[in-house]
Amino acid sequence: MREAGALMRVNHVGEICAQALYQSQALFSHSDALRQHFEKAAQEELDHLAWTAERVAELGTHTSHLAPLWWAGAFAWGSLAGLAGDKWSLGFVVETERQVEAHLASHLDRLPAGDGASRVIVDQMKREEAEHADAAQAAGALPLPAPIRGLMRMAARVMTTVAHHV
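Per the numbering used here, the sequence shown runs over residues 325 to 490.
Derived by calculation from the structure, the hints in this document are not laboratory data. A couple of the hints might just be wrong.
[As the list claims (entries may be wrong)] Computed cross-link-like contacts, DMTMM-like style, restricted to lysine to aspartate or glutamate with a CA-CA straight-line distance of at most 25 Å:
(1) K411 <-> D458
(2) K364 <-> D439
(3) K450 <-> D371
(4) K411 <-> E452
(5) K411 <-> E327
(6) K364 <-> E382
(7) K411 <-> E425
(8) K450 <-> E425
(9) K450 <-> E382
(10) K411 <-> E455
(11) K450 <-> E378
(12) K450 <-> E368
(13) K450 <-> D433
(14) K411 <-> D356
(15) K450 <-> D439
(16) K450 <-> E363
(17) K450 <-> E419
(18) K364 <-> E419
(19) K411 <-> E363
(20) K364 <-> E455
(21) K364 <-> D458
(22) K364 <-> E452
(23) K364 <-> E425
(24) K411 <-> E368
[Stated by the list, open to error] Pairwise CB distance ranges (calculated):
(25) K364 <-> A391: 17 to 27 Å
(26) T385 <-> H354: 33 to 43 Å
(27) A437 <-> P471: 33 to 43 Å
Quantities reported herein were computed from a predicted structural model and do not represent experimental measurements. Idealized CB from N, CA, C, for every residue including glycine.
From just these sequences and the hints, can you work out the full model?
As structure tokens, then:
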């Protein structure tokens with residue numbers, strides 16, 4: 325279950341980042357309706373944060389010691405997206421949630437077969453992240469340029485690699 329604990333720690337960090345992203349994007353949104361959308365999404369992500377924190381504890385490991393750093397970095401990314409404008413900010417949500425969805429799918433492949441509790445959590449999170457991406461797309465998201473998507477993947481790779489251990 326050591327690997328399951330590390331994977332759930334990574335997922336917990338992802339939810340810390342989701343909080344920061346949605347909070348910063350709400351802060352810089354140019355539209356009251358979109359601000360409310362981001363605030364609602366952040367509220368929904370609180371469930372994921374609680375589920376992953378609880379599961380990490382059940383697996384006898386710890387959440388990331390770098391949580392404040394992850395939050396600050398994600399807040400900066402979300403702020404930049406928000407400052408770029410609402411359609412770009414929505415595009416950032418779509419790309420983020422699609423990358424998270426793929427990341428969670430890989431975790432379902434890597435979790436031990438006997439760890440049903442973690443699997444249920446990750447599967448539910450994966451479904452809800454897809455819903456967030458779909459909602460952002462429907463709200464008028466612009467597709468992000470390839471270099472931005474690449475930077476996002478690179479930042480996510482650093483976060484997941486480090487959070488797996490620390």
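Any hints from earlier that this structure breaks? Give me their numbers in increasing order, please.
2, 5 and 6
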